[in-house]
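J.: One line per chain: the protein sequences are R and Z, in this order.
Residues in the first sequence are numbered from 1 upward in steps of one, following the UniProt record's numbering.
Residues in the second sequence are numbered from 1 upward in steps of one, following the UniProt record's numbering.
There may be inaccurate statements among the hints.
What the hints assert, rightly or not - Straight-line Cα separation of at most 27 angstroms, DSSO-like style, residue types lysine-lysine; simulated pairs:
1) Lys63(Z) - Lys127(R)
2) Lys127(R) - Lys142(R)
3) Lys127(R) - Lys11(Z)
4) Lys142(R) - Lys91(Z)
5) Lys91(Z) - Lys63(Z)
6) Lys183(Z) - Lys11(Z)
7) Lys63(Z) - Lys11(Z)
8) Lys91(Z) - Lys127(R)
9) Lys12(R) - Lys142(R)
Unchecked claim - Derived DEER-like restraints, expressed as beta-carbon distance ranges:
10) His193(Z) - Gly35(R): 30 to 36 angstroms
11) Phe182(Z) - Ala39(R): 52 to 58 angstroms
12) Gly35(R) - Leu216(Z): 55 to 61 angstroms
13) Leu218(R) - Arg252(Z): 49 to 55 angstroms
14) Gly128(R) - Pro10(Z): 28 to 34 angstroms
15) Asn216(R) - Leu216(Z): 51 to 57 angstroms
16) Glu131(R) - Asp151(Z): 36 to 42 angstroms
17) Ser78(R) - Met59(Z): 45 to 51 angstroms
In case anyone wonders, no lab produced these hints; they're calculated from the structure.
Quick caveat, the model's predicted, so the values are computed rather than measured.
Built from N, CA and C at the ideal position, the CB exists for glycine as well.
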Amino acid sequence: MMDWQPLWLTFKLASITSIMLLFLATPLAYWLAFGRFKARGLVEALIGMPLVLPPSVIGFYLLLAFSPSHWFGAWIESVFGIRLVFSFPGLIVASVIYSLPFMVYPIRAGLQAVPQSLVDSSYILGKGPIETFFRILLPNSKPALLTAFVLTFAHTVGEFGVVLMIGGNIPGVTKVASVAIYNEVEALNYSMANQYAMVLFFISFIILLFVYSVNNRLLRVRK
Amino acid sequence: MSMAIALSIPKGERLAITGPSGAGKTTLLRQIAGLSHPQRGTIIQNSQVWLDSSQGIFMPPQKRNIGFVFQDYALFPHLTVIQNLSYGLPKGKPTPIVDRFLRRMELSALAHRRPSQLSGGQQQRVALARALVREPELLLLDEPLSALDSDMRHSLQNLLLELQHEQGFTMILVTHHLGEIFKMAQSVVQLNHGQITASGSPVEVYPKRALPADSLTLYGEVLIIEIQDDHLRLLAWIDHQVRELKLPLEYRAQLQLGQAFTLTYQHQQAVLAPL
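Turn these sequences into a full structure, and let the hints steer you where they fit.
T.: The following block contains the structure:
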């Protein structure tokens, strides 16, 4: 009998991470797209690091930082009363960092693709930058927002190295589906591993299918 | 390119800005609108200072109460016609003025369509209506009619003139069309490389450079070039007809397919000059 807990945990982690990142990354993407500042290259390089680093490297440093013996982990624990190592909140923080580029880059590209004349028009019609952002830029970046959200979600579902490093393998707390598959394979329990893998495979496929068909429809409306 | 421009427009007048592409026409318009900053300068409208770089005054575009019609119309694609028109109005303000403009511009039947479902001329009327519902004192138009066919252009020119008479706004129009300048503008400013090269009323500016009546310049476009024994055979679109020309072989290097040229007849001679 398959234990659904790891799958449920995976989708809970992916949902919370994606929603948090949507709110964190959108202002960041706007700032990268339109802001005037010198350190742009530095910020972009930092955000992009999870794309190139092995997940175990990020996981390793997060493990050090989150541990109660490190000042950051100790500070978090004293202020918020949360321990980030081997806990679900820790997985969320790590996933947010690890999936950041998957949210920021598509949204930035989407915002930049909105014609400048639409923004200019909004200004001329008396609207400030914030109202223009919510009423013109965001509605015209819908396909990018959807793509970013789903890429982030899917990337979090597929997380393995970072989760294993800082979360370990605690059932119901940090044992997500990708870790469960690894465990079952290690225990030579191939049919159970196959069940988890199949569920992940089909759910991921259906999500992507949904995104591409919705995006095509959105793009047709815009044309 | 460095720009240096000084000009003033009486309230309620219609001014055309013309000049070759890259002359700074659009830049000038954007600076008047507050969409870009000149390095130095002053802009004053009705004794209200919009820009005074020496005192660090810059009034943002939101506060200038202008209408701007962009070359690409810049309609909001996710909003319907009526939503596009209402966008610039304060929230909660009653919308009789929107209804009035929808009727005036014959857009009532299209009120709930999106821009993508409209023809070019319809989009242009929406852009014009959207710029005018805020009852601006100054209307800026950046080659708004250039993409329309000539019938549509004439009817929109007439509509624009009527609206300007009714509402009395000051109007600055960037245009390439000589006919449009004479029809629409009381004065014209010609720019080149960021400088004013001529200004005045159209009848003052253009006759100075008029050619005598026994000369005639036609515009043409190359359709086919063929090298024959000792000359070039050219098929060209000249004065709305396909015509055949014979040219000396040395023109070969200057002409290519689709190339625009002028053909000037004077003293029974034709001179061809590629553009």
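J.: Of the numbered hints stated previously, which ones are contradicted by the structure, given in increasing order?
T.: Hints that this structure does not satisfy do not exist here, as all of them hold.
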